[in-house]
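All chains, please: the whole structure from these sequences, using the hints.
As a plain string of letters, each chain reads:
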Amino acid sequence: MTAFVEIAMVTLRAMLGRRRTLLMLLLAAIPIVVGLLIRANGRPGPVDVGAVLDGIVIRVVLPLVALVFGTAALGSELEDGTAVHILTKPIRRSTIVLAKVAVAGSLTAAMLVPSTLLAGVLIARPGSDPIPATTAIAVGVLVGSLLYAAIFVTLSIVTSRGLLLGLGYALIWEGILAGLLPGSQVFSVREYVRGIAETLEPSSIESIVGSSAIAYAAIALVATSVIASLRLAVYEVRGSD
Amino acid sequence: MSGPTSASGVAAGGGPAGSIYDIGYRRYEGTRLGRGHAIRSLFVHSLRSSYGLGRGGRAKIAPIILGILALLPAVAIVAALTLFAQFGGGSEFNDRVPIRYDTYAGTISTLVVLFCAAQAPELFGRDQRHGVLALYFARALRRSDYTLARIGGFMVAVLILELLPQVILFLGRVLLTTDIPKAIGDDLKFVGPVVAQSVLAAGLFGGVSMVVSAFTPRRAYAVAGIIALFTIPNVVAGIVVGLGSSTIGTWLTLVSPTSILDGTNAFLFDTRLGSDFFFVDLPGIAFVAAAGVGIVGSIAIALRRFARIAT
Amino acid sequence: MTGPTAALALDRVSRWYGNVVAVNDVSFALGPGITGLLGPNGAGKTTILHMLAGLLRPSAGRVAVGGQVAWRNPAVYREVGLVPEREAVHAFLTGRAFVEMAARLQRLPDPRAAAAKAIATVDLEAVADRAVGTYSKGMRQRVKIAGALVHEPPILLLDEPFNGMDPRQRLHMIGLLRSMADAGRAILFSSHILEEVERLADGILVIHAGRLAAAGDFREIRRLMTDRPHTFTVRSSDDRRLAAAFMAQPAVFGTDLRDGHLTVRVAEFRGFTQAVARVARGAGVSLFEVAPTDDSLESVFAYLVNRR
Chain A
1 MTAFVEIAMV TLRAMLGRRR TLLMLLLAAI PIVVGLLIRA NGRPGPVDVG
51 AVLDGIVIRV VLPLVALVFG TAALGSELED GTAVHILTKP IRRSTIVLAK
101 VAVAGSLTAA MLVPSTLLAG VLIARPGSDP IPATTAIAVG VLVGSLLYAA
151 IFVTLSIVTS RGLLLGLGYA LIWEGILAGL LPGSQVFSVR EYVRGIAETL
201 EPSSIESIVG SSAIAYAAIA LVATSVIASL RLAVYEVRGS D
Chain B
242 MSGPTSASGV AAGGGPAGSI YDIGYRRYEG TRLGRGHAIR SLFVHSLRSS
292 YGLGRGGRAK IAPIILGILA LLPAVAIVAA LTLFAQFGGG SEFNDRVPIR
342 YDTYAGTIST LVVLFCAAQA PELFGRDQRH GVLALYFARA LRRSDYTLAR
392 IGGFMVAVLI LELLPQVILF LGRVLLTTDI PKAIGDDLKF VGPVVAQSVL
442 AAGLFGGVSM VVSAFTPRRA YAVAGIIALF TIPNVVAGIV VGLGSSTIGT
492 WLTLVSPTSI LDGTNAFLFD TRLGSDFFFV DLPGIAFVAA AGVGIVGSIA
542 IALRRFARIA T
Chain C
553 MTGPTAALAL DRVSRWYGNV VAVNDVSFAL GPGITGLLGP NGAGKTTILH
603 MLAGLLRPSA GRVAVGGQVA WRNPAVYREV GLVPEREAVH AFLTGRAFVE
653 MAARLQRLPD PRAAAAKAIA TVDLEAVADR AVGTYSKGMR QRVKIAGALV
703 HEPPILLLDE PFNGMDPRQR LHMIGLLRSM ADAGRAILFS SHILEEVERL
753 ADGILVIHAG RLAAAGDFRE IRRLMTDRPH TFTVRSSDDR RLAAAFMAQP
803 AVFGTDLRDG HLTVRVAEFR GFTQAVARVA RGAGVSLFEV APTDDSLESV
853 FAYLVNRR
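Residue numbers (the numbering used here), protein chains in the order written: chain A, 1 to 241; chain B, 242 to 552; chain C, 553 to 860.
Just so you know, the hints here were simulated from the structure itself, not pulled from any lab data. Check before you lean on any hint, since a few could be wrong.
Simulated pairs of lysine to any residue, SDA-like, Cα-Cα distance not exceeding 20 Å [unchecked claim]:
| no. | chain 1 | residue 1 | chain 2 | residue 2 |
| --- | --- | --- | --- | --- |
| 1 | C | K689 | A | T82 |
| 2 | B | K301 | A | T159 |
| 3 | B | K301 | B | L405 |
Computed footprint of chain A on chain C, listed as stretches where at least three residues anywhere in the stretch have a Cβ under 8 Å from a Cβ of chain A [what the hints assert, rightly or not]:
| no. | region |
| --- | --- |
| 4 | 592-606 |
| 5 | 634-644 |
| 6 | 651-661 |
| 7 | 798-808 |
Here a beta-carbon is modelled for each residue, glycine too, at the ideal position from N, C-alpha and C.
Next up, the structure:
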């Protein structure tokens, strides 16, 4: 277990480089900015806070922040050669993967959950009670952070173009395809997030998968971690010669 | 010691002849193609790189796939119309298909955004990552030439992405009928708006993505930045405007690239913006002006960036 | 060179990438001591080292480290330390933090003490508490070596370890590696700089275009190259007369007279060294200097590499 902690700590420090942290905080602040804009707008906010949070957080900010942290956690180390020092130690590959996913996911969640909560309160129409819906969505966002992180970490091991593939997944699969082929969204993290929120607070948001989202998310988390660990075990470091 | 001798190997005096040539370092004294050629070459190179040409196979995957996906709706519509025609349906469907000249840009906007996010970081990012700017600037090329050539090449690449599907659509519709001159005449009125919209879209999408890519050599940040700039303002604008018209809402639509292009599209094709979502009481020309500002502004920012960058 | 328990062994190992063969049917077995892996850039040295380090799968053959297969075997890293060529260490870590992290990931009982010891061994105490990002190239090399040594592995792999070191650091490193080898470790290091290998290695492995061109002590290898005459440089009181006397000897292929010295090409090394004094005395010439000109690793290497 100390190996897990050790790797997690180094990854955490590597993630929190000044520029990256600043940019991600900026992104995570956008829902709050939207809330402030709505307040400053002079018009009462929407009754359906869930729809707004869905549009901003679940569809855009969550995948983006998770993408940056997820691909940086292991992918950047594999690219610049720093990963060799971790790979040549007697640690299980699964430990490495889990540590990376945990850090990327936790960082994403640490930024986005407070942002979601605050934004929900700001957005809501005064007099309405946004707390149950906002909390439900925040929990969904928490799970989504971990799951997106797991997917993007896995992608960055499997391919050197993990960033683009992850983007393609978020924008094309979860975006365009969702409109054309609703059934495909059984494999969509976005839907799981909505499903979890819906299960906790049915009025907050609508989802296709409903409460099965919890099971799907768990399966997806385990599956991606297994794939990532297996792939890391056969990862080859070529060198320039 | 240098210079050619007579090929026959016979000297003027009549005996056998030979020479030893000095093949050490020599200056190049021939023609130099100059600045214009350099700019053109860099422009063409940027255009080709945007589609992965001239680089390895892996670089072609993303742009080719996105290109095909962008063409897909056009091909599908032409195929569908052909089928209708086969089954005796006339051209009554022609104007009721969901994907037409005026809706096409909106349909593929996500793909164009992805294309920009995938390719723009390569154009400016790679040069900065590998420190070759000093090499570029040591040539006849000026800093502004470099910036404009690269941006220009990319904008044309995006223009192709926007226009080619429309051309296919046009060809399909025209060739489907037996009365070709009439069909051309019918669709001619769309040519202007299609081209104008594509130019504005290429300029805005291309310009903004290149500006982001100019500021960071790291691909992850450039990609995330481009995606963020093209998706977030749009969503925010939509939310605020959806609550009812307001000054903030109006300003937001003028600041979001995708909203601006929706506005110009509606203006050029003279259609009411699809849903009440965008019920902003702005003259359509305001969107065109906003697009112009966006394009010129991004070019200006990029120029400034490379004028001052340390190599 | 081969010990009873081969610490590092390649058995008919090849590695290819599509149509390109990076390592071509290489076999060797190494025991304690220092071996230099010598070859031009692109010869396959890093590929071999990475296969030994379990970072690459061999396309054919078997790679064994300390008796175990290296690939997909994280446990082997208790016995091996790798110092990779690329400089990459997280720039924000201090040298000490990096070595301590390595110690903790090796599950050592007292990571702090082990790290301190390793840092002292590479003589990095003065800068150990500065961020690695501020280190010079040589310091970064040494901190990587400290990280590879911290768990005191019996086997050490170093990829171009002297890159970027100034002469003083290089001397220190040579002394360090020497003492570790004398203590019983098996050390394999790669280099394309002949002087380093000549000075440090007990034995060499010469790699060229993926093939193992020669293995063993380089002087012995030279002796074995009988189809190439040995060359000696001789200075004497009367070079021309001595040259004539040499030409009368059957084992001498030829002589060259240059300013101030004489070059002799002979078929066989030992015979000539025994005969030269006799021949000189017979000709009445005093010898001032007799030196083999191509007994260096450089000429051995050039010969091996240029043969093809």
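Structure-based check of each hint:
1. C:K689 x A:T82: holds (16 Å)
2. B:K301 x A:T159: holds (15 Å)
3. B:K301 x B:L405: With a Cα-Cα distance of about 18 Å, the restraint between K301 (chain B) and L405 (chain B) holds, given a limit of 20 Å.
4. 592-606: Holds, because 11 residues of the region 592-606 of chain C bring their Cβ atoms closer than 8 Å to Cβ atoms of chain A.
5. 634-644: holds (count 9)
6. 651-661: holds (count 6)
7. 798-808: violated (count 0)
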